[in-house]
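> Now for the letters of each chain:
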Amino acid sequence: KAGVTQTPRYLIKTRGQQVTLSCSPISGHRSVSWYQQTPGQGLQFLFEYFSETQRNKGNFPGRFSGRQFSNSRSEMNVSTLELGDSALYLCASRPPPARTEGEQYFGPGTRLTVT
Amino acid sequence: AQSVTQLGSHVSVSEGALVLLRCNYSSSVPPYLFWYVQYPNQGLQLLLKYTSAATLVKGINGFEAEFKKSETSFHLTKPSAHMSDAAEYFCAVLGSSNTGKLIFGQGTTLQVKP
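As given, the protein sequences belong to chains R and U, one line each in that order.
Following my numbering, the numbering of the first sequence begins with 532 at its first residue and continues without gaps.
Following my numbering, the numbering of the second sequence begins with 27 at its first residue and continues without gaps.
Do not rely on the hints blindly, as some may be mistaken.
[What the hints assert, rightly or not] Pairwise CB distance ranges (calculated):
#	chain 1	residue 1	chain 2	residue 2	range
1	R	Arg594	U	Ser106	41 to 49 Å
2	U	Asn87	R	Ser582	33 to 41 Å
3	U	Gln71	R	Gln585	22 to 30 Å
4	R	Gly571	U	Ile86	27 to 35 Å
[Stated by the list, open to error] If you want the footprint, here are the derived chain U segments under chain R, 3+ residues with CB under 8 Å:
#	stretch
5	62-75
6	126-140
Just so you know, the hints here were simulated from the structure itself, not pulled from any lab data.
Don't be surprised by glycine CBs; every beta carbon is placed ideally from N, CA and C.
Can you build the whole structure from these sequences, using the hints too?
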């Protein structure tokens, strides 16, 4: 089975721009979560989508948004980029909960640099 | 609210020595606990998980962890370190049941010296 894929892998944007990151989960996984990883704050949960609905949201400003499509692919969008948004953005997909509570499979991430 | 604390941001061991990475958790309910590993320029890979079935959990690459409720700990160990174990290790707790919200510790970088 193919793993979680994220595109693009690297991205450079300017302050004030917006960016869209894409994530394709493992086939059969319907839950997708997004995390931000920075040296200072570590790994922080952004949001989770399941069957095209946001189920959980972390403590991030409204500039961070996401969506999920009927094929379970997910996108996250960051508007009005700030320097502090520079981070590795990780996507993870989760199999059905029976016997696999909490297990997540991570993609390689998108490295976003804001200049 | 659930949280995890990893003691020691950097751990250095010699090849062949015991690896011990410490994690303490705080949870008001029986926790689901995880250890993940991250190699440079890669995503996170699940090493092992605790879901109350057994207190000693065996994972991939020879790692294991023991859940100790009395100490609220879930330390990761490996009897003999290999150079390929050099990576960053994260302990995590599930934020709530049947969700994808993981709460991570700050991470521990493991250095393995030849």
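> Note whether the CB distance of Gly571(R) and Ile86(U) lies within 27 to 35 Å or breaks it.
With Cβ atoms ~30 Å apart, the hint holds.
> Test coverage of the stretch 126-140 of chain U by chain R using CB-CB distances below 8 Å; three residues minimum.
Three-residue rule met by the stretch 126-140 of chain U, so holds; n is 8.
> Taking 41 to 49 Å as the stated bounds, is the beta-carbon spacing between Arg594(R) and Ser106(U) within them?
47 Å, holds
> How does the coverage statement for the stretch 62-75 of chain U fare against chain R, requiring three or more residues with Cβ below 8 Å from a Cβ of that chain?
As far as the stretch 62-75 of chain U goes, the hint holds, because 8 residues have Cβ atoms under 8 Å from chain R.
> Please test the hint of 22 to 30 Å on the beta carbon pair from Gln71(U) and Gln585(R).
Since Gln71(U) and Gln585(R) have Cβ atoms about 26 Å apart, the given range 22 to 30 Å holds.
> Taking the beta carbons of Asn87(U) and Ser582(R), is their distance inside 33 to 41 Å?
34 Å, holds
In terms of the numbered hints stated before, the structure departs from none.
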